[in-house]
Amino acid sequence: MALQITESCVNCWACVDVCPNDAIYQPERDEAPHFLISADKCTECLGDHADPQCAAICPIEMAIVNELGEFLNPPGSLTGIPIEKLKEFGLWREAA
Amino acid sequence: MELPVISNNAPAAEGGGCSSSGCGTAPDGLAHLPDHIRAKVQDHPCYSEQAHHYFARMHVAVAPACNIQCNYCNRKYDCSNESRPGVVSELLTPDQAIKKVLAVAAEIPQMTVLGIAGPGDPLANPGRTFDTFRQLSEKAPDIKLCVSTNGLSLPEHVDEIAKHNIDHVTITINCVDPEVGAKIYPWIYWQNKRIFGIEGARILIEQQQKGLQMLTDRGILVKVNSVLIPGINDQHLKEVSKVVKAKGAFLHNVMPLIAEAEHGTYYGIMGQPEPTQEMLQELQDACAGDMAMMRHCRQCRADAVGLLGEDRGDEFTMDKIDVMEVDYEAAMVRRKAVHDAIIEKLEAERGVAKPKPTDIPAGSRPVLMAVAGKNGLVAEHFGHAREFLIYEASPEGVRFISHRKTELYCGGMDACGDGDVVEAGASESLLDRNIRILEGCEVVLCAKVGYEPWAKLEAAGIAPNGEHAMEPIEEAVMAVYKEIAATGKLLPQADSLKVA
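Line by line, the protein sequences give chains A and B.
Residue numbering for the first sequence follows the working numbering, beginning at 1 and increasing consecutively.
Residue numbering for the second sequence follows the working numbering, beginning at 1 and increasing consecutively.
Please keep in mind that the hints were generated in silico from the structure rather than gathered at the bench.
Model, not experiment: these values are computed from the prediction.
We put the CB at the ideal spot given by N, CA and C, even for glycine.
One or more hints might be untrue.
What the simulated footprint calls covered on chain B by chain A, stretch by stretch (three residues with Cβ under 8 Å from a Cβ of chain A suffice, anywhere in the stretch; the number is not a length) [unchecked claim]:
#	region
1	59 to 67
2	221 to 230
3	265 to 271
Partial chain A-side listing against chain B, Cβ under 10 Å, derived [what the hints assert, rightly or not]:
#	residue
4	N11
5	C12
6	C45
7	V65
8	L68
9	E70
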């Protein structure tokens with residue numbers, strides 16, 4: 001089991017610094033334009049922390065997903081912007 | 001330690017990169033401070049209003065991560081056309097940052113200060129931030145270091161800050177009450193958890209206040225920045241000003257909220273109003289009794305380069321720096337000579353007191369005037385002004401109040417060359433907007449005004465005046481004030497009459 005970073009990522013480095021497994025890396029530009037999580041190293045922080053650390057610090061909604069493609073920080077969950085407003089501004093997606 | 005309040009009355013200072021001639025704090029205002037503090041700020045453009053005419057600063061964007069969310073910030077937004085905090089074009093590694101600082105310092109000898117201000121929170125990136133400071137204090141010992149922070153991680157880093165000889169720290173403090181804080185900060189990341197709402201705000205406030213006290217106890221100068229958010233913290237900021245002053249903060253900088261919908265921030269999307277110029281000035285004046293207020297802040301980017309009010313960042317992108325040859329030893333000698341000459345000039349200015357104006361009927365009310373200025377003169381065409389300088393004329397003399405930018409905000413996605421085109425006619429014209437930012441002013445002085453703006457300005461109750469072109473700003477403002485006063489329009493019985 002491992003978490004993944006989506007194209008919503010803005011490369012702010014916050015997750016890199018807090019990952020207890022050093023699982024997050026910056027790939028070559030042609031592989032992806034944003035950070036990635038090494039599936040071999042990610043433990044979803046089980047045994048280390050109550051919450052996966054990348055998802056606990058990530059400032060961008062929809063940037064971290066689990067194996068089912070579910071957002072750990074769904075739209076509106078971090079900013080508090082209501083879903084109607086997110087839809088109005090084209091900022092809402094149901095799943096990755 | 002409580003520091004004395006700096007006078008906000010402004011004798012003239014001439015020349016410099018800022019387009020105004022005198023910017024709020026008296027040149028001798030620093031004389032009220034203990035010598036060791038005065039020496040620390042006299043060449044820091046972000047701390048001394050007098051210094052910002054002559055000395056330049058730069059920010060290096062080495063700190064992308066953040067540990068809190070503010071409702072006025074959107075981490076997704078990065079636009080090279082924009083000038084506001086949190087925005088950068090090019091993120092740097094510490095090694096690249098050092099290269100850039102040495103190149104800029106060699107090219108712009110007036111540069112005295114290197115700050116790390118983001119685009120995230122510098123202390124949420126301690127490795128990158130302190131690596132940059134460590135290398136710089138070795139390679140460019142003549143450059144002052146400063147850092148700004150939201151304060152959450154400040155207490156744990158105070159010793160490291162003191163070690164690197166960073167003697168200027170800016171903390172952004174928007175509130176001292178968690179209930180107010182919960183409306184500004186939706187969450188913080190604290191001890192491996194995301195903490196929402198009032199509890200998060202309570203921890204943040206506690207850490208900010210603790211860090212502030214620890215810094216001032218160590219004799220490190222602290223400036224407090226506050227964002228004025230109407231209906232959220234506007235009245236509360238007076239309390240903030242008192243509290244931070246009691247803890248030894250040296251300067252309070254109240255800045256207007258920037259909340260455009262196209263920036264995608266919570267406040268922008270939710271339609272939170274920005275403060276009017278009048279509201280900002282009222283609050284700055286209300287806080288000024290308790291605390292030295294900074295009025296020359298330009299809310300610059302996390303990668304700004306040059307004098308305040310200008311940005312030469314484009315000249316120093318990494319690809320350009322890579323081909324520059326820098327002899328820093330030689331540059332240091334040159335910088336020393338340039339700095340000494342400026343300091344000498346400032347020392348001389350400090351001794352000059354300005355006489356009070358005569359021939360103005362006592363009881364005349366003050367008048368706000370906007371000036372399209374350049375190098376201390378009324379020298380800019382109305383339509384070309386990138387900012388207006390706002391002065392208040394009264395029987396006491398001429399006092400600088402603030403800068404009002406005409407191009408503060410991004411023009412929207414169409415101006416950036418990608419994304420949806422903003423519908424024609426959807427936003428107000430630049431002229432209408434520039435007239436709106438002159439709210440509260442009764443006169444606008446400029447080198448020239450076109451026919452269309454002239455008519456619109458008059459219709460808006462603002463008298464255009466092109467008769468003082470190329471004159472020193474403060475003399476021109478006083479001359480116009482005297483002309484108005486001579487008509488008797490400024491006396492109480494005629495108070496309802498507008499000048500125009």
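Here is how each hint holds up against the structure:
no.	hint	result
1	59 to 67	holds (count 4)
2	221 to 230	violated (count 0)
3	265 to 271	holds (count 3)
4	N11	holds, 7 Å
5	C12	holds, 5 Å
6	C45	holds, 9 Å
7	V65	violated, 17 Å
8	L68	violated, 21 Å
9	E70	violated, 17 Å
Going through the hint list in order, the structure does not satisfy hints 2, 7, 8 and 9.
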